[in-house]
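A.B. asks: If you want the building blocks of each chain, they are given just below.
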Amino acid sequence: MIERLLERARRRADGGADALWRRVERTSVAFEWGRLKAAGVAEEAGVNVRVRHRGRVGVAGTTAVDASPDDVLTRALASAELGEELALAFAAPAPVPPVTTFFHPVADASLDRLIAMGRSLLAQLEREGCRVNITIEREAAETQVANSGGAAAAYRSTAIGVSAELWRIAGDDVLAIGDTYEGADLPSDDALAALVRSVNRRLEHALRVVAPPEGALPVIFTPLGLSALLLPVTQALSGKAVLQGISPLAARVGEQVFDSRFSLTDDALRPGRAASRPVDDECVPSRITPLVDRGVVRGFIYDLETAARARTHSTGHGQRTIFGKPVPGYTNIVLGDVRSLGDVGAQHAAPLQLGGGLLAEIRDGLLVDELIGVGQGNVISGAFSHPVALAYRVERGAISGRVKDAAVAGNAYDLWKRVGDFGNDGRWAGARYTPSILLDGVSVARR
Amino acid sequence: MIDRLTAALGRSGADYTEIRVERTWSTAVTFRGRRLESATASEDQGGFVRALTAGGGWGVASFTSLDRLEAMVARAVELSRAVRVTPPIRLAEVAPHRAEAILDLDGDPRGVPIAEKKRLLEAYNGELLAVSDRVVDTLASYRDEVSEYWYVNSEGTALHELRPEVTLSGTAVARRDGTIEKGLESIGLRRGWNSVQDKAAGFREAAERAVQLLDAPMVTGGAYPVILDPELAGVFIHEAFGHLSEADFVYENPQAREMMTLGRRFGKPGLNVGDNGAAPGLRGTLPFDDEGTPTQDTPLIKEGILVGRLHSRETAATMGERATGNARAISFRHPPIVRMTNTYIANGRGSFEDLIRDVKLGVYACGAFGGQTLLENFSFTAAYGRMIRDGHLAEVVKDVVLAGNLFQTLDRIDYIAGDFRWNQMGGGCGKGGQAPLPVTEGAPHVRIEAALVGGDVPSGAAA
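Protein chains in written order, with my numbering: chain A, 110 to 556; chain B, 8 to 470.
Here are the simulated lysine-lysine pairs, DSBU-like style, with alpha carbons at most 35 Å apart:
1. B:309 - B:438
2. A:146 - B:309
3. B:438 - B:275
4. B:438 - B:125
5. B:438 - B:206
6. A:146 - B:438
Pulled a few chain B residues facing chain A out of the computed Cβ check, cut under 10 Å:
7. 44
8. 66
9. 72
10. 120
11. 188
12. 340
13. 406
14. 408
15. 410
16. 459
Just so you know, the hints here were simulated from the structure itself, not pulled from any lab data. Backbone N, C-alpha and C fix where the C-beta goes; we use that ideal spot for every residue, glycine too.
Next comes chain A alone, as it looks inside the complex (with noise of 0.2 Å):
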């Protein structure tokens, strides 16, 4: 399909073309409320083209992909007519690294075997009073990305995400507590036992309810608790947000702006997880990404066109559905020392433990492991405000209970110049590997 395409592409677009083909098969099966309910199959393909004419550039995808590839080029060509001028450089045929994305057992995996895992963890999880939810879905997928200048790559990859989440309602009180293992291969049976010790551990410690501190404290965000104070962070660290003059650390290259001991990686290499790939899809070889290096900006994430319009080099990170044009995104996101974490590739790092080793050093304040409302209101300017979904009160070095109708605010950029301390529990959480972290001074309200 992709090189027909791109043959015809040639002949009709002066400036040529590039283009991502995708096939994916998926199954899924589905425990609600702790009964076996549902499984499911999926089968998609589509393939989404760009093409540069006339200095213009267009797009256009399509999901009927046994049509003729002109129609798809047609509209690609009628897209670019609108746009502006672009000197869009296509990328360049290259080598590419070498990267593991596809697994045979995830592949295979068969029906019986999901349900017996599903089943295993609802074993497990069970108990008086909770009612337990478990999803699982495996997925593989064909990928080919090409384009008219003789760049072109094809692989196979594979993933697989387990979610479980525990539903305790007593009264008013609802309580749902869940975690999700997300990987390219089947999860050890260490990392089964790991996600149930995970809900069974926050689990124990919410079962007590009480009042929540008040003031500036400090505080645990924990890896699944960490979005608010990471997210500012990469908006800021896109190249698009550059672009658009809307990010704070924009004209920062090179500036100390985080504590020390702050580094964050993107990571597409990384052994073991669904993102990672050996090109992107706008078929640019894959790269390990330093973006803050021990508190220092490095750089931005670009793909092709926010490169070409920053003139600067893609950085690998195109990202592009059937439908749209490439966008630049994240592949697997690492906070700390990239080169200490060996070959981490699996869902824990280190034994479970709520809190990271970091309870001790405070005397009275919050453990964070869910917010409400991340992501909205006004993110890149680093300030948020949100009321808690699970929180534990910490005193004296301890968790004493859950606490309900607290908030935490603060401003980002302020909190990551000074972090109190780092956990000892890294762990991946979707595609993003971080510890706990201690943070200080942050706002508590209650009501």
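On the provided structure of chain A, position chain B as indicated by the hints.
C.D. replies: Only chain B this time, still in chain A's reference frame:
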């Protein structure tokens, strides 16, 4: 198409089978700053099959190649048989319907050249940029789609619909030194091209708001009497109560059922809440849901008392209630799940001035940047706020985030004005990995006697 789908149903062999096929034409235009970011036309097509066998679970298959229809029906039946469920899944009775519904397109966008759509958006984007040189960035987008939709099930329902949708949005980003603020305009309609003309005023207001917020102080955190404008009151009822009324949360969870027992008091007399999937001309409106059940107006709270909930056929059967037409899917890629349509707080009486007259110190929270609920607890972010001092509107404040506990907050609604309006916004609702689902919310001005507003913690509270 209906004949082809009916033939595929005939070969299913399951106790119940349904098939949906969708073909969607869409165009999207985006401006960022003065630059056209993209202008694309897309075509998406695919099918969805769901089967139920005796003692089996749901077998589900979705696909983009229609050549695979018959094979995917067989696969769904096989998957249903592979999943044993006790007690068996039952579906509430719904009379079979055969219908051909061509919704009012009000200007079929498929007949309008994409260059004309670009010109329209460029003009609206220009309104944002023209307000002030403090407006450093904009994001303006136009999107239309027309979806041809076929649905059949093994009980004899056969539907063919043409569903239009058009959304228009504009964000203005204003900046002065390190301060960045934004203003948002958003319009979403289940109509076509003609309905998005003459919308410049809303774009101008959004940009003026962003510039105005540069000078606004952050609201001081604490508990206040809060008046929600109709837009935010709509988001509030959707987030804080609507999701709890979705029966898939309660139907197989005894503790949740107890918490949501019909007859329980949720608010003061005067609080009336419902969900109306049949309200004419709204974005959440369709004649049938994605299980072929006709949509309807479902009362949820009457005079403060819980009286109803939103159902799919499965949740209705389990709870011994009637299907309400709320089983919806965002596309052929997903199964229908229990969702809202057009959710509302019904009119009270009196005016906005009546609500603020006796408020000594309070917050008037306006517009919505978003909202999230984690059952029982919710958070939503107002676009901006005004302080209320001694019964009058005072200074503009920013970063107004409202957080609360559902049960307490509903019960604290003490005044509902008589100025109801539907908010025809873009965006949509997300649940179970399905977003954005077109929904509408509507409300009059609503007063909460005390609610927690996030913001700066008063310095006296520091430990």
